[in-house]
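Engineer: Make a model of the complete structure from these sequences and hints.
These protein sequence lines are chains A, B and C, in that order. Residue numbers for the first sequence follow this note's numbering, so the first one is 1298 and each next one is one higher. Residue numbers for the second sequence follow this note's numbering, so the first one is 320 and each next one is one higher. Residue numbers for the third sequence follow this note's numbering, so the first one is 1481 and each next one is one higher.
Calculated lysine-lysine pairs in the BS3-like style (CA-CA distance at most 30 Å, straight line):
id	chain 1	residue 1	chain 2	residue 2
1	B	K400	C	K1487
2	C	K1794	C	K1826
3	A	K1393	A	K1458
4	A	K1314	B	K582
5	C	K1487	C	K1670
6	C	K1527	B	K400
7	A	K1454	A	K1305
8	C	K1735	B	K557
9	B	K369	C	K1487
10	C	K1512	C	K1569
11	C	K1814	C	K1487
12	A	K1364	A	K1393
13	A	K1534	B	K582
14	A	K1602	B	K557
15	B	K539	A	K1454
16	A	K1478	A	K1393
17	C	K1516	B	K513
18	B	K556	A	K1454
19	C	K1487	B	K513
20	A	K1478	A	K1374
21	B	K582	A	K1473
22	A	K1602	B	K556
23	B	K570	A	K1602
24	C	K1742	B	K556
25	A	K1595	B	K556
26	A	K1540	B	K557
27	C	K1576	C	K1696
It is worth saying that the hints were derived from the structure and are not from the lab.
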Amino acid sequence: MTEISEYKDVWVFTEIKDHERVDECALEILGKGREIADQLNESLVAIVLALDAEQYIPVIKEHGVDKIVYMSHVELKHYHEQIFTHLVFNLVENHKPSVFLFPSTEAGDALAARVAYRCRTGLVSDVLDIEINEESGLNLRNTEAFKPAYGGNINVKIITKTRPQMCTITRGTFQKQKSKKKDVEVEKVDYAYDTSNIKVKIVGTPTRKDKPSSKLSDAKFVIGGGHGLSSKENFDKLFELAKLTNGQVGGTRRPIIDGWMPEHLQIGISGEAISSELYIGFGISGAIQHVVGISDSKTIIAINKDPNARIFDAADYCVIGDANEILNGLLDYFTV
Amino acid sequence: MVKIFVLIKQVPDTHNLQINRASGTIIREGIENVINQDDFHALEFGLNLKEKYGGEVTALTMGPPQAESALRECLAMGVDKAIHVCDPIFAYSDTLQTTLVLKEVFDKIKDYDLIITGTKTSDSSTGQVPYQLSEALDIPLLTDIFSLDIKKNIVACHRNFGHESQNVEAELPVLLRVGRHYNEPRHISLLGIKNAFEAEIEMTDHACLNSPDCIDGNMKSPTRVTKTEKPEEMKRKKEFLKGSTSEKVQKLIEIMQGHSIEKIWIGKQHL
Amino acid sequence: MRSSVRKFSEEVLAPVAPIIDRDAEFSWDTAKELSKINAWGIQLPEKYGGADLDSISYSITIEEISRICASTGLTVTVHNSVGAYPIYKWGSEEQKEKFLPDLASGNKITGFTWTEPNAGSDASGIECLAVEDGDDFVLNGSKIFVTNGAIASVLVVGTRFKKENGEEGMTALLVEKDMEGYEIGTKEDKLGMRGNPTTSLYFNNVRVPKENVLGKISDGFKIAMQTLDVGRIGIAAQALGIAQAAYEHAVEYSKGRIQFRKPISNFQGVSFKLAEMATNIDAARLLVYRAAYLKDNRERFTKESAMCKYYASKIARKATQEALQVHGGYGYMKDLPVERYYRDVKVTEIYEGTSEIMKLIIAQQILRGNI
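Structural biologist: In structure tokens:
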């Protein structure tokens, strides 16, 4: 077995999205990876598997890497679980990185979990922060990952006793850092995979996917409406705005009683709890029955005529004004 | 006869969790344990498949003795059998150790066609087990599926993968990971509850496994939780936007763009 | 058990509860959903399609349904405890096979009717008359305040009877909606329980075949009294569910409502109300479960069932009143369900025997030596 001290370097799985661009999240992670590599006094390495991978090298070079390891092949055009797992695991076996970071994407999550299993090492998902821990007594450095657990109600710190120390990171956790090292080493590794092993066969021609309409509780952008919109016609405009912005409409109890909105769209104690990135409440007074349901949203905007409306206490941005006028203004912008 | 296994997990109800400040652990007293929400969708999927193709649905969980109640709930929902993988040495298992235990369990079961999981658990929410079990058992994992057909030993399904919608085929056995969108879990009937109390639950412990040497949740898990803490309560900014209505609208649009909400393409009118 | 029914109620009943209250409409869609969880045959044997549960499980089910929607709780409890139960207990095998499967599945709704314009608390004063005529009884008269009246396919109807040989008495007949001369009156406009269609019924020379006599012909009064003993446990459980809902809302609201820069739960004027509600509800719950336990163990429970109904409905009325008070003006508005609880709960002190009649029964029992 390899000694832990033999594992070196910080790797980032630099995912290529839709065979056309470097994943934004991967670039953000390179920023954090640079920091960790400096603290550990090790190199930051970007791992790229793609079709025509060379074209992405210039962009990656601008994000502080010491080295780029890439493979380029037509079979790497899309993420494939068996091929990618096999190739990336081989790279890890041959080079033994101490830290390996993945963007939390469909491919990143899957690949990280599979590679971690093959390495029999730990994997921490959706980390919020990474620190170097000097206390372990082995004169080794551990990354310590903070991750949200229990629906975001508590944070835990986790250390990984094995190597490589792997984690996935969601978009927006870290900032992109532009910096260019002088001599970025670029290494091409030959592609080799026996495709006769492939277990899942694609039948017919795939089509671009049509997204299933998402549930309120999972929606990233929620548009809430209350009694203050004053009529069904006005309330319907929320649905229009939602359609134009890929959002979801929800509301208080009152619009259900008024017959403006179906029951399953109620947000609050007796309805759904949401945890959207952004919530905008139109004409909602802010009874706690409703506020409880929106409090997990990252950013809350409230629009109400009444400067003392209680919803403002729960909001990041408060707009005193006629919810209908504001709604019309937004619709004008998004329709044209 | 299709042998279907649904993996479920009992998790603490995530509302109002409290942390013991001294020990940094979760206070479990007074917290209700429930079946992980996503797993209900996996159960429903399994029960639907059984209704369509016949066969047998087994709910399987790895967890402490009190997880029995979760299995009883599965039985009440209509599964045929329940297996409880339970041993003190499995405690503190992280995902890798959990996967290794499950691999041992399925190596013993041998005869399985479909293993169905939910997408994520609400407690640790790693979502790793389906992928890792797919590696461990060396069987394909199909995710994000929305229709499925079984013909002899071939499963054909329609799934989303990357930005594509694909029709794929694979040979049984296969792992399926079910999302929340494709079914509405059934409600438990009163008769189901009554029968569930009388059903037997099969126990699997460390001694039952073929090669248990690599298993030790506490000592051999590669990751270890060193601290738990309650995140600081988010303080809302409560910033009042000033100016005329159109200025306020403009500012709102900027905030929306900051959250990557842009005009979306809805057809030719934009060309 | 409790959590399963709670989950069902919160997901399926919660969205319709304010609607059926507003529109005073029974929802057949909801009835179908209830059928999936066996709510129409909670205590009927499995062979008729029921869930064959004990009375405590029954109480919990009614409590949890009523916690979310009291009107639905009413429909369900009346169907089960005073409709299906007497048919199961006193019915012939033919009657059971004819009616119970449809009742257990909820394809048909049932109920029980005794009350008449001139016979309320005075149960022996009924005037509906069934006169023997060949193989039938010919029924004439009317009933009022019939719970499930508009939706029931078959009802247990208390009547006087007169046989050709001159024998008279009281009997319980299974009267079916399709029988000629059976007429449903207009739906009552009620304070609460608006989702349950309560009507009058008119019997105009309705020919009820003799095989529809429930039990022995002269057992009518006994069947009625024993059926009501059972029914009262259900009504008590219903009151309990409403009280629980009101109480939970009061707790949540008082913790979130800030006045004088403090949550109002910090004021003893409010928190003492909560303490009292909690204690009363628990005490009532124990009384309900005791009556259910005695019934399951085939012991006398007339006194205990009257006690639990009297007490649960009283404290439930008080709990909804206090919960509304805790909510202040918001509680008075239809935005919140608290005002609905307040309206719904009152009738639990009236139907299946008023509180005064409950006290009468309890006192009679005590003075007869059942101390």
